[in-house]
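The residues making up each chain are set out below.
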Amino acid sequence: MELEAEVNVELCQSGPGLQMSLIRGTDLFGYIGIEAVLDQMRSKTMKAGFEFNIMVVGQSGLGKSTLVNTLFKSKVSRKSCTPNYEEKISKTVKLQTVSHVIEENGVKMKLTVIDTPGFGDQINNDNCWEPIVKYVNEQYEKYLREELHINRKRVIPDSRVHCCIYFLPATGHRLRPIDVEFMKRLGKIVSIVPVIAKADTLTIEERQEFKERIRQDLVDNGIHVYPQKEYDEDPEERILNNSIRESIPFAVVGTDKEHQVNGNKVLGRKTNWGIIEVENVAHCEFANLRDLLIRSHLQDLKDVTHNIHYETYRVRRLNETKIIKSSSVNFK
Amino acid sequence: MASTEIARQAGEGARAVPLAGHVGFDSMPDQLVNKSVNHGFCFNILCVGETGLGKSTLMDTLFNTKFEGEPTQHNQPGVTLKSNTYELQESNVRLKLTVVNTVGFGDQINKEDSYKSIVEFIDAQFEAYLQEELKIKRTLHSYHDTRIHACLYFIAPTGHSLKSLDLVTMKKLDSKVNIIPIIAKSDAISKSELAKFKIKITSELVSNGVQIYQFPTDDESVAEINSTMNSHLPFAVVGSTEEVKIGNKMVKARQYPWGTVQVENENHCDFVKLREMLIRVNMEDLREQTHTRHYELYRRCKLEEMGFKDTDPDSKPFSLQETYEAKRNEFMGELQKKEEEMRQMFVQRVKEKEAELKEAEKELHEKFDRLKKLHQDEKKKLEEKKKSLDDELNMFKQKKTAAELLQNQAQQAGGSTTLKRDKERKNFF
Chain A
1 MELEAEVNVE LCQSGPGLQM SLIRGTDLFG YIGIEAVLDQ MRSKTMKAGF EFNIMVVGQS
61 GLGKSTLVNT LFKSKVSRKS CTPNYEEKIS KTVKLQTVSH VIEENGVKMK LTVIDTPGFG
121 DQINNDNCWE PIVKYVNEQY EKYLREELHI NRKRVIPDSR VHCCIYFLPA TGHRLRPIDV
181 EFMKRLGKIV SIVPVIAKAD TLTIEERQEF KERIRQDLVD NGIHVYPQKE YDEDPEERIL
241 NNSIRESIPF AVVGTDKEHQ VNGNKVLGRK TNWGIIEVEN VAHCEFANLR DLLIRSHLQD
301 LKDVTHNIHY ETYRVRRLNE TKIIKSSSVN FK
Chain B
333 MASTEIARQA GEGARAVPLA GHVGFDSMPD QLVNKSVNHG FCFNILCVGE TGLGKSTLMD
393 TLFNTKFEGE PTQHNQPGVT LKSNTYELQE SNVRLKLTVV NTVGFGDQIN KEDSYKSIVE
453 FIDAQFEAYL QEELKIKRTL HSYHDTRIHA CLYFIAPTGH SLKSLDLVTM KKLDSKVNII
513 PIIAKSDAIS KSELAKFKIK ITSELVSNGV QIYQFPTDDE SVAEINSTMN SHLPFAVVGS
573 TEEVKIGNKM VKARQYPWGT VQVENENHCD FVKLREMLIR VNMEDLREQT HTRHYELYRR
633 CKLEEMGFKD TDPDSKPFSL QETYEAKRNE FMGELQKKEE EMRQMFVQRV KEKEAELKEA
693 EKELHEKFDR LKKLHQDEKK KLEEKKKSLD DELNMFKQKK TAAELLQNQA QQAGGSTTLK
753 RDKERKNFF
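Those protein sequences? They're chains A and B, same order as listed. Note that this note's numbering numbers the first sequence so that position 332 is 332, with each residue one more than the last. Residues are numbered in this note's numbering as their position in the second sequence, beginning at 1, plus a constant of 332.
Isolated chain A (complex conformation) (with noise of 0.2 Å):
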């Protein structure tokens, strides 16, 4: 009973040498219906839903929770300005998480939003970043734990963090250090993605100069931000974060209370020298950085967190508990 499989299951690894033909469209002589399999994945995708966890990180006051709330216009966050809060400058930096389930068009998604509260906050930062840190690893141990089970769940609860929207003062100066060590860290386990908060106190010549020296202090601290350039996978998502990568740091404004300008509705801060208007890209960036975190890169975000920061812990805790360094576990 000879087993010709294996020699040709090596035929299918990917690679020169490979017994294929490549079939064009044109050569197929009538339609088979292959893309009705984007249909079919599109329906199921939408049938079971999404996750998104994302975390903010800043000082009090710089107005994360309304940015988040005008991220996804809803009240998904509770601002620490509303009557019944309770005002208290916590000693640590206490991590508090709130999901919602919010829908558009057929879509569920549940989002989870990661709060910092007390991050920058005290007198000596010494070390503040350590339970951030510490929440971001154990999500993804939580994760690992469940896919080496025997018997695990059909699909296992993703609360790894997708993105960390990380504060930057509107100073106006440079990165401070603060800010340096907390990139400097979370850059290698999560996707930053910095923004100037309260960007109404900037003029757009101050902006500019501000965002270059960003990210001239990003390039000299080695700091990666998302989008990664070692993770670009062709010419073409290359020429289009490229484009984002000139624009980061993200300069945004956010409100949730909405103004009439030219007798439309618009979400804007009023003052007494004019109505910024949030969602108008000549006044802030905040358009830019919905479209991308929600509208093009929401898919994109998920996929590096899962493919690249999660491997790199998995392979880095594999390694540590074990005395065999071999690449493989082999189980013959």
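These aren't lab readings, by the way, just hints derived from the structure by calculation. Any given hint might turn out to be false.
[Said to hold, decoys possible] In silico SDA-like pairs for lysine to any residue, Cα to Cα no more than 25 Å straight-line:
hint	chain 1	residue 1	chain 2	residue 2
1	A	Lys47	B	Phe547
2	A	Lys108	A	Asp291
3	B	Lys705	B	Lys719
4	A	Lys257	B	His354
5	B	Lys367	A	Glu205
6	A	Lys270	A	Glu205
7	A	Lys108	B	Leu351
8	A	Lys229	B	Asn562
9	A	Lys142	B	Met638
10	A	Lys47	B	Ser553
11	A	Lys229	B	His473
12	A	Lys75	B	Ser359
13	B	Lys467	A	Leu148
14	A	Lys142	B	Ile468
15	A	Lys44	B	Asp550
16	A	Lys44	B	Ile468
17	A	Lys142	B	Phe547
18	A	Lys211	A	Pro157
19	B	Lys367	A	Glu147
20	B	Lys469	A	Glu230
21	A	Lys265	B	Met638
22	B	Lys581	A	Gly33
23	A	Lys47	B	Leu351
24	A	Lys73	B	Gly372
25	A	Lys153	A	Ile308
26	A	Lys229	B	Val365
27	A	Lys257	B	Arg347
28	A	Lys188	B	His473
29	A	Lys211	A	Leu240
30	B	Lys467	A	Ile189
31	A	Lys44	B	Val349
32	A	Lys47	B	Asp550
33	A	Lys142	B	Leu629
34	B	Lys367	A	Asn288
35	A	Lys229	A	Arg245
36	B	Lys467	A	Asn137
37	B	Lys469	A	Gln139
38	B	Lys469	A	Pro157
39	A	Lys47	B	Asn562
Given the structure of chain A, go ahead and fit chain B onto it with the hints provided.
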């Protein structure tokens, strides 16, 4: 893969929140789909059936191309599996299609082991994926998935019932792969016979507990069509790559003197239904079932077989690794013990043998000594005898000389008188 992003909504303290405007995450499915398109899809079909049932032709017809290969002979000694990979592209969707054919199935005289090579092949694909998944440095998202997503089981168009080979094989395969039974070369059966045949087949499958793939009916958009199709199983198909002019169109058909069987005519055969179900409606579901049901089952069995168990949550993590370590050490320890045992046994045997040989040697020495002694004794005796004889001889010689002396004296003393005595003496001598 899509399955990693699926979440169970509601519950776990998440409440629904209304949106005040258009956020834009309804583009998520599109983003996901675009990524998958860039990546390409994999689909692996296994065709099981006796030689000559038209498996290769059906594949050609299904995917509208001419795959390579010539018809196989009937004299194969055993069942082998041959797989071929093709890259098809339709508009912007790239599909890596692998078709695995069973060569020599049902040709042997003794068919008891026919299913074994098929089961081994399917398990080998699962094993390869499991190995990749358990690696430390792994590349799962660019891994070429070779697991079988669908198994088309070709039933010979006898018109009576399933052969026992078919039943046995399907029973062995139903927990490992999605089986879709089809009646091959169904232009050999008339319509009424076909209906009876189908009923017989389904009832036989049910009574033998064979679980064939049921098209999913939980998704409203496809539930209706899937449930009607479920009632048409097994599909009666005809395959053909030749085109015949019917009316003013060229259609795929088989031409007979008594008429033409059109492949894509639903009244003639169920080919269109098969194509709809396999490709256009359920390809993704087949892949998902393979991954979440069959692969997980294989993984669970394999890991349990190795002796791993899920320990309770608050024990140390990576019980997999540690159990493996412990097992390995145990195994090595046992191995060493066994080696020691064997060595000792060997040494003992050697000692025994040595003792035996020494004994034998000693005996031989003794024997030799004895013989030597015997020999010496005899020699002595002989020498003594010789000596005594010599003595006698000497004595005789002395006597003789003494006698001669006396004779001489006597002769000198008296001549003739002694003559008489001499004569007497001479007569005496």
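Hints versus structure:
Taking the CA atoms of Lys47/A and Phe547/B, the gap is about 17 Å. The hint holds against a cut of 25 Å. With a C-alpha separation of about 18 Å, the suggested pairing of Lys108/A with Asp291/A holds against the 25 Å cut-off. Between Lys705/B and Lys719/B the CA atoms are separated by roughly 21 Å; this keeps the pair inside 25 Å, and the hint holds. A C-alpha spacing of about 16 Å is found between Lys257/A and His354/B, which places the hinted pair at or below 25 Å, so the restraint holds.
Of the supplied pair hints, the one linking Lys367/B and Glu205/A is violated, its CA atoms being roughly 37 Å apart against a limit of 25 Å. For the hint pairing Lys270/A with Glu205/A, the CA-to-CA distance comes to about 22 Å; that is within 25 Å, so the pair holds. Between Lys108/A and Leu351/B the alpha-carbon distance is near 12 Å, which keeps this suggested pair within the 25 Å criterion. Simply put, Lys229/A and Asn562/B have alpha-carbon atoms about 49 Å apart, too far for the 25 Å limit, and the pair is violated.
For the given pair, Lys142/A sits about 24 Å from Met638/B by alpha-carbon distance, which is consistent with the 25 Å threshold. The suggested pairing of Lys47/A with Ser553/B holds, with an alpha-carbon distance near 11 Å, which does not exceed 25 Å. Only pairs whose Cα atoms come within 25 Å are accepted, and Lys229/A paired with His473/B is accepted, the gap being roughly 19 Å. Between the alpha carbons of Lys75/A and Ser359/B the distance comes to roughly 21 Å, so the proposed pair stays at or under 25 Å and holds.
With a C-alpha separation of about 12 Å, the suggested pair Lys467/B and Leu148/A falls inside the 25 Å cut-off, and the hint holds. Our distance criterion of 25 Å between C-alpha atoms is met by Lys142/A and Ile468/B, whose separation comes to about 17 Å. Between Lys44/A and Asp550/B the alpha-carbon distance is near 11 Å, which keeps this suggested pair within the 25 Å criterion. Note on Lys44/A and Ile468/B: the hinted pairing is violated, with a Cα-Cα distance of about 31 Å set against a maximum of 25 Å.
In summary, the hint linking Lys142/A to Phe547/B is not supported, as the alpha carbons are separated by about 34 Å, beyond the 25 Å threshold. Annotation: proposed proximity of Lys211/A to Pro157/A is violated, straight-line Cα distance about 37 Å (limit 25 Å). Only pairs whose Cα atoms come within 25 Å are accepted, and Lys367/B paired with Glu147/A is accepted, the gap being roughly 23 Å. Simply put, Lys469/B and Glu230/A have alpha-carbon atoms about 18 Å apart, close enough for the 25 Å limit, and the pair holds.
Under the criterion of a C-alpha separation no larger than 25 Å, the hint pairing Lys265/A with Met638/B is inconsistent with the structure, at around 65 Å. Taking the CA atoms of Lys581/B and Gly33/A, the gap is near 21 Å; set against the 25 Å cutoff, the hint holds. A threshold of 25 Å between alpha carbons decides the hint, and for Lys47/A with Leu351/B the separation of about 19 Å falls inside it, so the pair holds. Distance hint between Lys73/A and Gly372/B is unfulfilled; the C-alpha atoms sit about 35 Å from each other, more than 25 Å.
Taken as a hint, the Lys153/A and Ile308/A pair is honoured in the structure, with Cα atoms around 22 Å apart against an allowance of 25 Å. In summary, the hint linking Lys229/A to Val365/B is supported, as the alpha carbons are separated by about 23 Å, within the 25 Å threshold. Between the alpha carbons of Lys257/A and Arg347/B the distance comes to roughly 23 Å, so the proposed pair stays at or under 25 Å and holds. Note on Lys188/A and His473/B: the hinted pairing holds, with a Cα-Cα distance of about 20 Å set against a maximum of 25 Å.
Among the hinted pairs, Lys211/A with Leu240/A is consistent with the structure: their alpha-carbon atoms are about 19 Å apart, no more than 25 Å. Using a Cα cut-off of 25 Å, the hinted pair Lys467/B and Ile189/A holds, with the two alpha carbons roughly 20 Å apart. Only pairs whose Cα atoms come within 25 Å are accepted, and Lys44/A paired with Val349/B is accepted, the gap being roughly 23 Å. A distance of roughly 10 Å separates the Cα atoms of Lys47/A and Asp550/B; the hinted pair therefore holds under the 25 Å criterion.
Between the alpha carbons of Lys142/A and Leu629/B the distance comes to roughly 22 Å, so the proposed pair stays at or under 25 Å and holds. Of the supplied pair hints, the one linking Lys367/B and Asn288/A holds, its CA atoms being roughly 21 Å apart against a limit of 25 Å. Of the pairs offered as hints, the one joining Lys229/A and Arg245/A holds, with about 9 Å between alpha carbons and a cut-off of 25 Å not exceeded. Between the alpha carbons of Lys467/B and Asn137/A the distance comes to roughly 20 Å, so the proposed pair stays at or under 25 Å and holds.
Only pairs whose Cα atoms come within 25 Å are accepted, and Lys469/B paired with Gln139/A is accepted, the gap being roughly 20 Å. Note on Lys469/B and Pro157/A: the hinted pairing holds, with a Cα-Cα distance of about 23 Å set against a maximum of 25 Å. Restraint check for Lys47/A and Asn562/B: satisfied, since their Cα atoms lie roughly 22 Å apart, inside the 25 Å limit.
In this structure, the earlier hints numbered 5, 8, 16, 17, 18, 21 and 24 are contradicted, and the remaining ones agree with it.
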